[in-house]
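Enquirer: Sequence:
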Amino acid sequence: MERLKRILLFTNSDLGQANVVLATAHELGLACEDVEIHIASFQDLRSGVDDASRFMQVTAAQQKKKISRRFVFHEIGGTSWGPATKRPETAIFETLELTPGLINSAKGFAILPAVMIPWSPREFLDSFRETERVFGEVKPDLIIVEPLFTQGLTFCHHRGVRWMVLSPNTIKEFAVPVQPKLAAFACSALPYPIPWSLIPWNIYFGFVAGYTLVTDTRLKKTTEILRAEIDPSIAEWLNQGPTIYVNLGTHHKSKSTEAHEMSKAFRKVLEHADTLHSAGKPLQILWKLGRVPDEEGNVPKGDSYTGEWALVTDELQAYIKQDRVRVTDWLVAEPKSVLESRSIICSALLPAWTDCYDFANRVELLGIGRWANQEAKPRWKEDELARALLEILFGPESAGMRMRTDEIASRHPEWKGRQMAAQEIPDYLPRLE
Numbered sequence: 073m074e075r076l077k078r079i080l081l082f083t084n085s086d087l088g089q090a091n092v093v094l095a096t097a098h099e100l101g102l103a104c105e106d107v108e109i110h111i112a113s114f115q116d117l118r119s120g121v122d123d124a125s126r127f128m129q130v131t132a133a134q135q136k137k138k139i140s141r142r143f144v145f146h147e148i149g150g151t152s153w154g155p156a157t158k159r160p161e162t163a164i165f166e167t168l169e170l171t172p173g174l175i176n177s178a179k180g181f182a183i184l185p186a187v188m189i190p191w192s193p194r195e196f197l198d199s200f201r202e203t204e205r206v207f208g209e210v211k212p213d214l215i216i217v218e219p220l221f222t223q224g225l226t227f228c229h230h231r232g233v234r235w236m237v238l239s240p241n242t243i244k245e246f247a248v249p250v251q252p253k254l255a256a257f258a259c260s261a262l263p264y265p266i267p268w269s270l271i272p273w274n275i276y277f278g279f280v281a282g283y284t285l286v287t288d289t290r291l292k293k294t295t296e297i298l299r300a301e302i303d304p305s306i307a308e309w310l311n312q313g314p315t316i317y318v319n320l321g322t323h324h325k326s327k328s329t330e331a332h333e334m335s336k337a338f339r340k341v342l343e344h345a346d347t348l349h350s351a352g353k354p355l356q357i358l359w360k361l362g363r364v365p366d367e368e369g370n371v372p373k374g375d376s377y378t379g380e381w382a383l384v385t386d387e388l389q390a391y392i393k394q395d396r397v398r399v400t401d402w403l404v405a406e407p408k409s410v411l412e413s414r415s416i417i418c419s420a421l422l423p424a425w426t427d428c429y430d431f432a433n434r435v436e437l438l439g440i441g442r443w444a445n446q447e448a449k450p451r452w453k454e455d456e457l458a459r460a461l462l463e464i465l466f467g468p469e470s471a472g473m474r475m476r477t478d479e480i481a482s483r484h485p486e487w488k489g490r491q492m493a494a495q496e497i498p499d500y501l502p503r504l505e
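Residue 73 is where the sequence shown starts when you use my numbering, and the numbers rise one by one after that.
Simulated from the structure, these hints should not be mistaken for lab results.
Cβ atoms here follow ideal geometry from the backbone N, Cα and C, with glycine treated the same way.
Simulated restraints on C-beta separations:
no., residue 1, residue 2, range
1, Asn311, Glu105, 52 to 62 Å
2, Ala390, Val364, 24 to 34 Å
3, His484, Gly369, 34 to 44 Å
4, Asn370, Pro160, 54 to 64 Å
5, Lys158, Asn370, 56 to 66 Å
6, Glu436, Glu209, 44 to 54 Å
7, Thr347, Ser305, 26 to 36 Å
8, Glu209, Gly362, 30 to 40 Å
9, Glu469, Lys77, 52 to 62 Å
10, Lys158, Arg231, 24 to 34 Å
11, Ala390, Arg75, 46 to 56 Å
12, Asp213, Asp455, 48 to 58 Å
Below, in silico cross-link-like pairs of lysine-lysine (DSBU-like), each with a Cα-Cα straight-line distance of 35 Å or less:
no., residue 1, residue 2
13, Lys373, Lys327
14, Lys393, Lys360
15, Lys393, Lys325
16, Lys353, Lys373
17, Lys136, Lys211
18, Lys373, Lys360
19, Lys449, Lys360
20, Lys449, Lys325
21, Lys325, Lys340
22, Lys453, Lys340
23, Lys340, Lys373
24, Lys211, Lys138
25, Lys393, Lys336
26, Lys453, Lys373
27, Lys336, Lys449
28, Lys77, Lys138
29, Lys449, Lys353
30, Lys453, Lys327
31, Lys353, Lys393
32, Lys211, Lys158
33, Lys360, Lys340
34, Lys77, Lys211
35, Lys340, Lys449
36, Lys137, Lys77
37, Lys353, Lys327
38, Lys453, Lys393
39, Lys393, Lys373
40, Lys373, Lys325
Whenever a hint applies, use it, and build me the whole structure from the sequences.
Expert: So this is what it looks like as structure tokens:
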């Protein structure tokens, strides 16, 4: 028998948010006999879900429809949005209830991060984990998220699942950001279309909102702890000392001989670092090693390095025993999280094909690293790779490379590219008509 389709709805337990979820679940229950409806929320909504489920079944009987299955409630540990916003350290409603005006509306924009995430980073992470657990239990075909349940939004973005937003607000609230001609900011109480006399106010509100979102520490701290907790052991290990992070990308797979050549280069670098007797923390290596299947097409098993792969780890065994080298086929933490740990100190490129060579040239041209396989391309050789790493880490240009890297990073933040794309694409579409 074919499994029923499953819809999972995430919501806060505050009825201002949850009512639209319960109402929609009611209609889904009446209209879709072949769908299981699961509702995940905090403890206070359990009785509301039970009542809504019974009412849906009574309504189905009155309408002489097939009695649908009861809603399945999944409790999420933690505090709902409403109570979290009313704590003394958050207390957003004291600001939201101020009369709109130049100063008061600016205050409203200043608390936007607390509106989005009124929880502490630890609370947010715990509820995020609960969200992850419920998803694993239900295995839904579609997720529906109430937009103030930020943990659900974060989870859906992170996992790339099929999902939709269900809001108690109208479409206008979602359309405000795409209105043309300096549309009025929410919370401002400005009329629209905005009169010329009030346009400076609207621009001012835009700067206040933008500054708040960029500088507020609440979102940043929550993101940092969430990323660290995705793989806490790696986060703790990275804090031990400066780290060479080796990642050749998703598509690149190495042969055992190629990986052995690389491990010999790494041993040279570690041995040299140890001879310097630095007072700082010892150098370590985190190596994400993608491996080719064997001649029979079998993919190497997990983090097992036996047979022809034993040479790779044998070369670094002394450092592996000291927990200064970790070789793994997969990292739970995304590469961006590892790079932002502030422990990564090395920038060397090993281009393997086509456009990658251009990036290696750019690194050399900008003076922010080394093309570490210029002679051995498209693979690498022990001596050339070790030489490039030693130049980056300990050479006379080392400090300058790091300084230039920081300067370029500050001028070109990682979000700038997607922001520019979002600006360009809508402008380009009319040209195709």
